[in-house]
Amino acid sequence: MGDNGSVWLPDPGTALAGEVDSLFWFVFWTSTIMFAMVIAAKLYFMVKYKRKNEQEVPEPVEESKWLEAAWIVVPTILVLVVFTWGFDVFVKLNSAPPDSYQISVRAQQWSWEFSYAEGATSYTELYVPVGRPVKLNMTSADVLHSFFVPSFRVKHDVIPNRYTSVWFMAEEAGEYDIHCTEYCGTQHSGMNAKVVAVSEEDFAAWIAEQSQDLPPAVLGEQVFAQCRACHSIDGTPGIGPTLKGIYGQTHAFTDGTSALVDDDYLLESIVNPAVRIREGFAPVMPAGFSALSQKQLDGLVAYIKTLE
Amino acid sequence: MSHSANGSIHYLNHAKGLKSWLFTLDHKRIGVMYLVAVSLAFLAGGILAILVRLELLAPGETIMTADQYNQSFTLHAVLMVFAFIIPAVPAVMGNFALPIQLGAKDVAFPRLNLASFYIYLIGGVIVLSALINNRIDGGWTFYAPYSTSIGNGVLYVTAGVFVMGFSSILTGLNFIVTVHKMRAPGLTWNRLPLFIWSIYATSIVQVLATPVIGITMLLLFMEKFLHIGIFDPALGGDPVLFQHFFWFYSHPAVYIMILPAFGVVSDLMGTFSRHQVSGYKFVALSSVAIAFLGFLVWGHHMFVSGQSAVSSIVFSLITYLIGIPTGVKVINWVQTMYRGSVQLKSPMLYAIMFLFTFSIGGFTGVMLGVLAIDVHLHDTYFVVAHFHYVMMGGNVIAALGGLHYWWPKMFGKMYNEFLAKIAALLVFIGFNLTFFPQFIMGAQGMPRRYYDYLPEYTFYHELSTYGSWVLGAGLFLIAGYLIASFFTGKKAGLNPWGALTLEWTHTTTPPDHHNFHDTPIVTRGAYDFHLAKHLFEKGGEVTELDLGGDGASTHHAPVSNEPVA
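Chains as they are written, first to last, in our numbering: chain U, 24 to 331; chain P, 117 to 681.
Among the hints, erroneous ones may be present.
[Said to hold, decoys possible] DSS-like, lysine-lysine: derived pairs with alpha carbons at most 27 Å apart:
1. U:LYS75 / P:LYS654
2. P:LYS529 / U:LYS73
3. U:LYS88 / P:LYS397
4. U:LYS75 / P:LYS649
5. P:LYS340 / U:LYS73
6. P:LYS606 / U:LYS65
7. P:LYS132 / U:LYS65
8. U:LYS65 / P:LYS397
9. U:LYS73 / P:LYS397
10. U:LYS75 / P:LYS461
11. U:LYS73 / P:LYS537
12. P:LYS607 / U:LYS75
13. P:LYS537 / U:LYS75
14. U:LYS71 / P:LYS461
15. U:LYS73 / P:LYS606
16. P:LYS654 / U:LYS73
17. U:LYS71 / P:LYS649
18. P:LYS461 / U:LYS73
19. U:LYS71 / P:LYS654
20. P:LYS606 / U:LYS75
21. P:LYS461 / U:LYS65
Hint data in this document are derived by calculation from the structure and do not stem from the laboratory.
Extracted from the complex, chain U is given alone in its bound form (with noise of 0.2 Å):
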């Protein structure tokens, strides 16, 4: 919750959301004084019209025509309203302007990729120009995600062989939330990341720093944040085995097998992680990371080597 949201949203981080607000309260309040009415109607006849003896039989009541009327026109009159409004704001939410800054997102179990036209790729962190409108193309390499940031109020399913779409513009830097609201398996919940939105000159600076050859351990450093939902650096066990110090370990598997953890072991693990499983862990390692670049896969065993 911002300083300035309220305790039903959060502070609205763009002027798109703000129209969403508008729209939201504008329901909640016409909802609550309606259901405010219908309840104090109930208790006003439970109270006025309580059985007084048991042999009261009331007569039936002529039903008013007018009052009949008024319930159908007024509410249809106030969702047609509600409908209407709601029908422009979701153009709007689904029409991301021509000039816009265009990211590839892709999703898989359970990690984001930002791909940026500059050759930058990112992990946990999707780093935005303020006051600029983004555009994010998206789509998955395994299951179904969904791509939501609730300050922003945009979300979107992001979905295997299909670009989805979704677009915002940061008023102000600082950093939203990133969840994927579609479920996708054990660490649905682990898929977190963050927006990142920083100044055109920051964002500037970030785009160059990042492109430039980076030495394999840091590449890999970074690779590695699509690891760390279940693989920790610093001893404790997750959904997979901690990567603390294992190079030059030797591991036993479940199928009573054991080997010396090397570099070819561990490339096999990240590219065909079924192949052979550590003992006391669960198979559920997705395939997708097959797909990374082999500077990419250099990087992140360059990197594992240096968890001691």
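Position chain P against the provided structure of chain U, taking the given hints into account.
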């Protein structure tokens, strides 16, 4: 004068032994067997709900792992939706009360009725064994390709749900024919109890919608074993198509769950206000209209799924066509009390509670139908709260009202009314405490089906978990005093609520094996209390049958409880 003197013969004791139950063709006994079965499903689903809430008491791991959590909420949902809510009111109360309310000796096809029960059990066993033997997670929606990528479990669950669906189809068919062909003389469509109207509307949906599960199952099997790409993107299929199939069944299924509740609440409001149900024809016919319109709005579950924006706009508009008559019904129920004679017995408390909880479910449904707002609220706890207000606040609360209403007639025993009022209060407080905070955290952005969550949502999750304990306590209290009523309950009279439908006015308590000795003749509408003043002349509860069949007459034919040859 008492017609249910000690030693009387009725449907519960006219034949004894397990076999007399397992092979019974009596709609009342089949209703009681359904009551046992759905209560067990509700108990299992409820315990899972308590465990799921307990896990969410604090962020991170509390009592179970992520996989255990994901499978628990899935099992909770499947049990509650398919094994409990869908059959609860139609199969238990419909079976017990519908034929008697019609003045019939049984349903049109008693053997088919018994077959429905066993098909339901077989389907339940298939679903349960599939859920226990396979890794199945992701909730009751089973969206492809995730659900099909984790093994064959989803195929078996769909198969089991289809078998259970067949039970619904047969029950629905049975009820439709019964309502059309077996109404007592004088029981015109305009005199039918609204409970019958709503079960009739529900039956239409059951017969028309359930085959869609069968089609989906066939497509899933074709994809799995013949590798024809239908839903799986790896084979060139379209996962969004699965959602269309799922909701094309499951949205009408929502009406299978809520329409019977409308019927129960109508009967309760009329009886305990001793007054005509306001807008009778509107309530009756709009239920049937909703049964058909319910087939045209499935896409409102899919505003952010990737279906075209134009489709979303059309679905949003049609959704309101259903919303309006539903809202008017709520007003009708409230208006029924106007200038009535309102008696706040425990069944009526549930009807009044329903007006509160179901209205919140309805208003939040309107909110979710607004395109731009739904984009933000979709798949958050706001939706979880909304459908619990409709399914539990609507169906379950009404079912509890119906259970308290028909219990004396079913078993011939009164429960402890004081405890019943305490339990109703606990259920009301517990329900709202559990689910209202979920609206707030959902609007804040808390996604559903999350094992772990950000610390800022902790407060709302705590409230919700505490609420689940209060709600659980209320429900266990109900189970306790209902069971106790068998042993210590006061003998129930013929018509303790002063109701006017035939199960109260024309048969003994509990009803005779054949319901009636003579075919009842109906001379007034189900809620024409002003034409039945003679029943209430003595005050207190009505203890005489109204076999004269003439609204103006005070003549009462004696009834014997001798077994019928």
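Each hint, compared with the structure:
| no. | hint | in the structure |
| --- | --- | --- |
| 1 | U:LYS75 / P:LYS654 | holds, 15 Å |
| 2 | P:LYS529 / U:LYS73 | holds, 26 Å |
| 3 | U:LYS88 / P:LYS397 | holds, 14 Å |
| 4 | U:LYS75 / P:LYS649 | holds, 16 Å |
| 5 | P:LYS340 / U:LYS73 | violated, 62 Å |
| 6 | P:LYS606 / U:LYS65 | violated, 32 Å |
| 7 | P:LYS132 / U:LYS65 | violated, 47 Å |
| 8 | U:LYS65 / P:LYS397 | holds, 21 Å |
| 9 | U:LYS73 / P:LYS397 | holds, 26 Å |
| 10 | U:LYS75 / P:LYS461 | holds, 14 Å |
| 11 | U:LYS73 / P:LYS537 | holds, 17 Å |
| 12 | P:LYS607 / U:LYS75 | holds, 26 Å |
| 13 | P:LYS537 / U:LYS75 | holds, 20 Å |
| 14 | U:LYS71 / P:LYS461 | holds, 16 Å |
| 15 | U:LYS73 / P:LYS606 | holds, 25 Å |
| 16 | P:LYS654 / U:LYS73 | holds, 19 Å |
| 17 | U:LYS71 / P:LYS649 | holds, 22 Å |
| 18 | P:LYS461 / U:LYS73 | holds, 11 Å |
| 19 | U:LYS71 / P:LYS654 | holds, 24 Å |
| 20 | P:LYS606 / U:LYS75 | holds, 25 Å |
| 21 | P:LYS461 / U:LYS65 | holds, 16 Å |
The structure shown violates the earlier hints numbered 5, 6, 7.
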